[in-house]
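The residues making up each chain are set out below.
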Amino acid sequence: MSDYPQADDIQAGATKRRKAIEMGALALLVVAFMIVSLIRQNPFAKGADPAKAIGVIVAAGLTLIMYSFLYRDNPLFKIGENLYVGVSLGYTAVITWRDFLRPLVYQPLFEAPTAAALRNSLLHLTVPVILGIVLLARISRKHGWVSRYSYALMIGWGAGVAIPLFTNSYILQQLTAAVKPLQEAAGAQAVAAPPAFSQAWLFGVAGPIFGALVAMIGTVAVLFYFFFSVEHKRFGSAVSKLGIWFLMVSFGASFGFTVMGRLSLLIGRVNFLLHDWLNIPVK
Amino acid sequence: MTTNPGRPRHYELTRRIIFVLVALAVILPYFSGRQQPFTPSPEVRKVFEKVDGLSPGDHLFIPIDYDPSSEAELYPMCLSLLRHCFKKGVIPIVMTLWPTSVGIAKQGCDEAAADANSMFGKKVVSGKDYVFLGFRPGVQNLILKMGDNLKGAFDKDYYNQPTQGMKALAGVNSLKDIKLLVDLAAMGTVEWWIAYGTDRAGIPMATGTTAVMAPDLYPFYQSNQLIGFLGGLRGAADYEKLLKIPGRGERGMLAQSATHVLIILLILGANIRIFAGRLLRKKEGLS
Numbered sequence: 005m006s007d008y009p010q011a012d013d014i015q016a017g018a019t020k021r022r023k024a025i026e027m028g029a030l031a032l033l034v035v036a037f038m039i040v041s042l043i044r045q046n047p048f049a050k051g052a053d054p055a056k057a058i059g060v061i062v063a064a065g066l067t068l069i070m071y072s073f074l075y076r077d078n079p080l081f082k083i084g085e086n087l088y089v090g091v092s093l094g095y096t097a098v099i100t101w102r103d104f105l106r107p108l109v110y111q112p113l114f115e116a117p118t119a120a121a122l123r124n125s126l127l128h129l130t131v132p133v134i135l136g137i138v139l140l141a142r143i144s145r146k147h148g149w150v151s152r153y154s155y156a157l158m159i160g161w162g163a164g165v166a167i168p169l170f171t172n173s174y175i176l177q178q179l180t181a182a183v184k185p186l187q188e189a190a191g192a193q194a195v196a197a198p199p200a201f202s203q204a205w206l207f208g209v210a211g212p213i214f215g216a217l218v219a220m221i222g223t224v225a226v227l228f229y230f231f232f233s234v235e236h237k238r239f240g241s242a243v244s245k246l247g248i249w250f251l252m253v254s255f256g257a258s259f260g261f262t263v264m265g266r267l268s269l270l271i272g273r274v275n276f277l278l279h280d281w282l283n284i285p286v287k
Numbered sequence: 106m107t108t109n110p111g112r113p114r115h116y117e118l119t120r121r122i123i124f125v126l127v128a129l130a131v132i133l134p135y136f137s138g139r140q141q142p143f144t145p146s147p148e149v150r151k152v153f154e155k156v157d158g159l160s161p162g163d164h165l166f167i168p169i170d171y172d173p174s175s176e177a178e179l180y181p182m183c184l185s186l187l188r189h190c191f192k193k194g195v196i197p198i199v200m201t202l203w204p205t206s207v208g209i210a211k212q213g214c215d216e217a218a219a220d221a222n223s224m225f226g227k228k229v230v231s232g233k234d235y236v237f238l239g240f241r242p243g244v245q246n247l248i249l250k251m252g253d254n255l256k257g258a259f260d261k262d263y264y265n266q267p268t269q270g271m272k273a274l275a276g277v278n279s280l281k282d283i284k285l286l287v288d289l290a291a292m293g294t295v296e297w298w299i300a301y302g303t304d305r306a307g308i309p310m311a312t313g314t315t316a317v318m319a320p321d322l323y324p325f326y327q328s329n330q331l332i333g334f335l336g337g338l339r340g341a342a343d344y345e346k347l348l349k350i351p352g353r354g355e356r357g358m359l360a361q362s363a364t365h366v367l368i369i370l371l372i373l374g375a376n377i378r379i380f381a382g383r384l385l386r387k388k389e390g391l392s
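Protein chains in written order, with my numbering: chain L, 5 to 287; chain V, 106 to 392.
Derived from the structure by calculation, the hints contain no laboratory data. The structure presented is a predicted model; accordingly, all values stated were derived computationally and were not measured. Think of the CB as a built atom: it goes at the ideal place given N, C-alpha and C, for glycine as much as any other residue. Take the hints with a grain of salt, since some may be wrong.
List time: in silico DSS-like cross-link candidates among lysine-lysine, alpha-carbon distance up to 25 angstroms [as the list claims (entries may be wrong)]: (1) K56/L x K281/V; (2) K349/V x K151/V; (3) K192/V x K272/V; (4) K228/V x K151/V; (5) K155/V x K184/L; (6) K184/L x K261/V; (7) K281/V x K261/V; (8) K228/V x K193/V; (9) K228/V x K250/V.
Covered by chain L, according to a simulated footprint, are these stretches of chain V (three or more residues, beta-carbon under 8 angstroms) [what the hints assert, rightly or not]: (10) 130-143; (11) 150-163; (12) 199-207; (13) 300-308; (14) 330-342; (15) 370-378.
Please construct the entire structure, taking both the sequences and the accompanying hints into account.
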């Protein structure tokens, strides 16, 4: 055995030192956060609203905790993550009870003011409540089959209602819209055709026709790309490739909007930290 | 505890440099004292003009279908819409399909109602000038029920006041009696409102959504199933500009533009680096 330290020991020592430094930095940051919070949002100050001040401090702390993940996964981030899930679930349970179960199920059945009201509640609520309770049988392996009656009703009813409505909104109206712009553009040209190549003609006639043609070609090309019954050769291959280009443009637009959305969330949090927590008058 | 133990050290460093750059691009514009010039998009203008064209006493239905995680984008839209209603004397009917949206919907109503006094000199009262119905479960069933009997779906409002005989709901029996529905959504409720609600009731609909959802709305906009929409923080800023009441949307536009420029530069830089590296390797291989 060599007296010199092994590579593993050196690495373990370095990791230990790094962790100690990180813990020290974290402690300093927590102290700094508390000092800044007490200066900018002092809940004990004269005329301050303690509930609001504490709420802002907690929200600011949790925001910074969540962003600490950008440096490294850490125990505080885990606490924040679990807190979010727990609070959401607890809040949902309370609202469901307060706004729904208590006024619409519990009170009509157990606090009915008259016998007639109770009879009426029993008439309207017995079957739905039984079907709802039966859903909980899913947690039992032995009696789980009972819940299938509720699911069967939900699926059957859901599909029956959804199919005609979705066929109308998603297929028929969309198909109409895919053809309509060409008709409308042609109609506009026939009714009041301005002089060719004038500004009114370019924006009022040529523009909509061009847009409608691009939309139509795009729809056909993308549909053809997903049409696998015919081998994509020669002309078919060109149309299919055009479909891919349209899809790529669409993915690019989606990516751009996604970036914008994610940055908006960051902007929202920064606005909160500067404006609400630090009380900095942002322009 | 390491995030990506297998990745090289320079990757972690580059990642953190990008985070710092993005943070600076978001924070610094707030201290510049400048406003980003922009022109409202036609999609938002159409929604604004529709709301602006409503008469006092008309009803605007606003489902709040987002939770606090999308507050940054959708809360400014909610405030602007409610303020526009209070300014015009239009009666907003606010409700939500999700339990987690109740708090944020109530907050929006309270804030806009409180602001109405200082902004327009109007005292706005719940049950008379607006109504907050709160939450009921059922989603699609609830929309269908409201299409037939709104007061049957919500026999009481959030504050436990009976909707039957409520002044704010005078003349409203179902969704058919609404002049416009604007769904503020961060979840897939827009499609449900279209299919189960507005297409069936035959009323116009608009929407305000997160930027992530916005590209999916263009087909409905083209087919006139949506008269217009507000997409993300930019949509909120457009509406604030048209309403001439600045808010968080307009305030965030310079930061948004700065970060967009930064991201474009980063994408270009990374691509140039990749292609230059390939060229260099090719050259070395040839020589």
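Now for the hints, and whether the structure bears them out:
no. : hint            : in the structure
1   : K56/L x K281/V  : violated, 41 angstroms
2   : K349/V x K151/V : holds, 16 angstroms
3   : K192/V x K272/V : holds, 18 angstroms
4   : K228/V x K151/V : violated, 28 angstroms
5   : K155/V x K184/L : holds, 23 angstroms
6   : K184/L x K261/V : violated, 43 angstroms
7   : K281/V x K261/V : holds, 20 angstroms
8   : K228/V x K193/V : holds, 13 angstroms
9   : K228/V x K250/V : violated, 32 angstroms
10  : 130-143         : holds (count 8)
11  : 150-163         : violated (count 0)
12  : 199-207         : holds (count 3)
13  : 300-308         : holds (count 4)
14  : 330-342         : holds (count 5)
15  : 370-378         : violated (count 0)
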